[in-house]
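Line by line, the protein sequences give chains A and B.
Numbering that gives the first Met the number 0 numbers the first residue of the first sequence as 0 and each following residue consecutively.
Numbering that gives the first Met the number 0 numbers the first residue of the second sequence as 0 and each following residue consecutively.
None of these hints come from the bench; they were simulated from the model.
For glycine and all other residues, C-beta sits at the position ideal for the given N, C-alpha and C.
One should not assume that every hint holds.
Covered, in the sense of this in silico footprint (three residues per stretch, anywhere, with C-beta under 8 Å from a C-beta of chain B), are these stretches of chain A [said to hold, decoys possible]:
1. 35-45
2. 70-76
3. 288-296
4. 302-313
With the C-beta cut set under 8 Å, the calculated list includes, among others, these residues of chain B facing chain A [stated by the list, open to error]:
5. Lys38
6. Ser312
7. Arg329
2 protein chains.
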Amino acid sequence: MSTPVRIEVGKRDGEARVGLLHTPHGVVETPTFMPVGTKGTVKGLTPGDLRSAGARVVLGNTYHLYLRPGPDVVREAGGLHSFGGWKGPMLTDSGGYQVFSLSHQRKLSEEGVRFSSVYDGSSHQFTPELTTRVQEDLGADIAMVLDECPPANAPRPYHEESLRRTARWAERCRQAHTREDQALFGIVQGGLFPDLREESLRRTVDLDFPGYAVGGLSVGESREEMLEMLALVAPNLPAEKPRYFMGIGDPVGILQVISLGVDMFDCVLPTRLARHGMALTADGRLNLRNSRFRRDFGPLDPECPCEACADYSRAYLSHLVRENELLAHRLVTLHNVRFMGELCRRAREAIREGRYGAFMHGWISRYTGRPR
Amino acid sequence: MSTPVRIEVGKRDGEARVGLLHTPHGVVETPTFMPVGTKGTVKGLTPGDLRSAGARVVLGNTYHLYLRPGPDVVREAGGLHSFGGWKGPMLTDSGGYQVFSLSHQRKLSEEGVRFSSVYDGSSHQFTPELTTRVQEDLGADIAMVLDECPPANAPRPYHEESLRRTARWAERCRQAHTREDQALFGIVQGGLFPDLREESLRRTVDLDFPGYAVGGLSVGESREEMLEMLALVAPNLPAEKPRYFMGIGDPVGILQVISLGVDMFDCVLPTRLARHGMALTADGRLNLRNSRFRRDFGPLDPECPCEACADYSRAYLSHLVRENELLAHRLVTLHNVRFMGELCRRAREAIREGRYGAFMHGWISRYTGRPR
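Next comes chain A alone, as it looks inside the complex (with noise of 0.2 Å):
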């Protein structure tokens, strides 16, 4: 079956691999970072800046662009590519995880999940069927299917009847879905019990989609459970199709997951982070609220050549950020996502060099040696 969307894979190092994402909107080199959108705007850049900082493929959450503008209105301007002016490949959540997340009035049943609206507590029903059409509306590249996210501390039977229910959501969403130049991903679900990890593995592999997710939690889990269930999971996973883990985006963890195997991650901490004034560096995230900046006329990251390192000083972002000026955001959120993107790119380098290993331990010990 032709998809448009799939992976060329190429280097493996250990259970890491580099690869070539092929999408209708461009080719993306793998392992990549991919900063969220949340509201059809990755908040403070414009396409341009994404672009420049590195960004190759970004998301859309559509449990915001569902609510606000709505679907009809991006489907009329052309899709999400159009409306937000972002030509790259895009992916789309289903929204599945800010309903379990964000919306705490919500009722699942077989049919779908009812909630209400973060933004006025108006009533909506997100189904499988639905959240594939405002998918299909957005028109993003990749879709997802729609999931449940149950917190961790749910009972083994709650985490079993779920991860069966997402898999007859999965294949309703199959169903449901039309658009020949849209991939639909799978999720593999089943909390933090091995054996229903590989049960929901087995059942989402089973319907064939083009490419799969591992699926976080609502609420509850460590990251050390998270990353043993992904390493059940990943090595089981088809090897041919791309691998996305949802919602990991702190410089540790993603170099984690690239070790077991992962080529595709999203999270909003690169961006929130900025809009609090924290820069990432290879030394550590720096506080730019931090007195000792006040001074410091030196620049930002000296090893980054992005806008807010080339043409400021750290003495000037830390004023910006302090003041709560919009520039701030706008310059860290810039410096952040070209920090992922240069982190996937040293990552791709030492995979196909052999060294991810050395590579990922090394600079794990740089990032965390000094604590700031």
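Based on the hints, put chain B in the right spot on chain A.
Just chain B now, kept in the frame of chain A:
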């Protein structure tokens, strides 16, 4: 006496005039609108954005920069040009207007004015000597004398006393000013009393500054009253020196002050309106929150080549404004700055071609004729 800032006056049309303002950081065609970078940044824009939007002189506010990050930090950075990265001509006010409009707890004396910081209530005193030294630390091309901005409704004897004190302060500023690469401009005050304006003009011009501003009041005057005062003062200012009208930035107002022979003006209005989702167009202000823009996929302003108008639709910008997205502030600010620059360019063209009156009336009638 040689001065680092001078104007070469060109074609005149009635009182209106074009000119070339020579400064240590470049030559600027006048009349020119100066966007305000209160805290060392025009909110949301980089210096590159400002240049591309046609801004040629940027203003910094001494009140804010004195309090945050402090003149010592800016001086150590090498001045405001180096600190914030704007390499073109720059002007700083003296902070007087902010003391009288923002700091409600204040105590005025011959020595200066004591006030409480809007940031933390801490007590400070601005004297003519201090604001001059602070502006030398900031290092703009043009610095301003410290003036009192009394409320419009203060009794006449108060205005008399005030303008004479302002004149004595101007003399002290002149004495204190030492930088040879910076021009210090005088300010004509005098409230809404024609004879007091005349007295203030004479006292200020007697001090022989390289340029003159006409100052406003801290609160309470109408547009018509200010224009009346300006019409009295402007023709009596030395014709061979630059004329700066402080604190006007609505399109109609700047066309009016240009017609009275003003070369430079500043205001936060175009950039502040932008952050409220109001875009300036030749047909008036557009409120992007208006529901009629939700599905308007045309450009913000079809006559404008700026990034906001070239790359996005009204529907997208309206979405960003409703969601209070950082990118909304940035893009609409860029547009409004571009709009003001273009308006000045067209005004200069009309003056050169001897048709300024017709241009101004036609322009104002289009701008105000179709309320939005």
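Consistency of the hints with the structure:
no., hint, result
1, 35-45, "holds (count 7)"
2, 70-76, "holds (count 3)"
3, 288-296, "holds (count 3)"
4, 302-313, "holds (count 4)"
5, Lys38, "holds (5 Å)"
6, Ser312, "holds (7 Å)"
7, Arg329, "holds (7 Å)"
Checked against the numbered hints given earlier, this structure breaks none of them.
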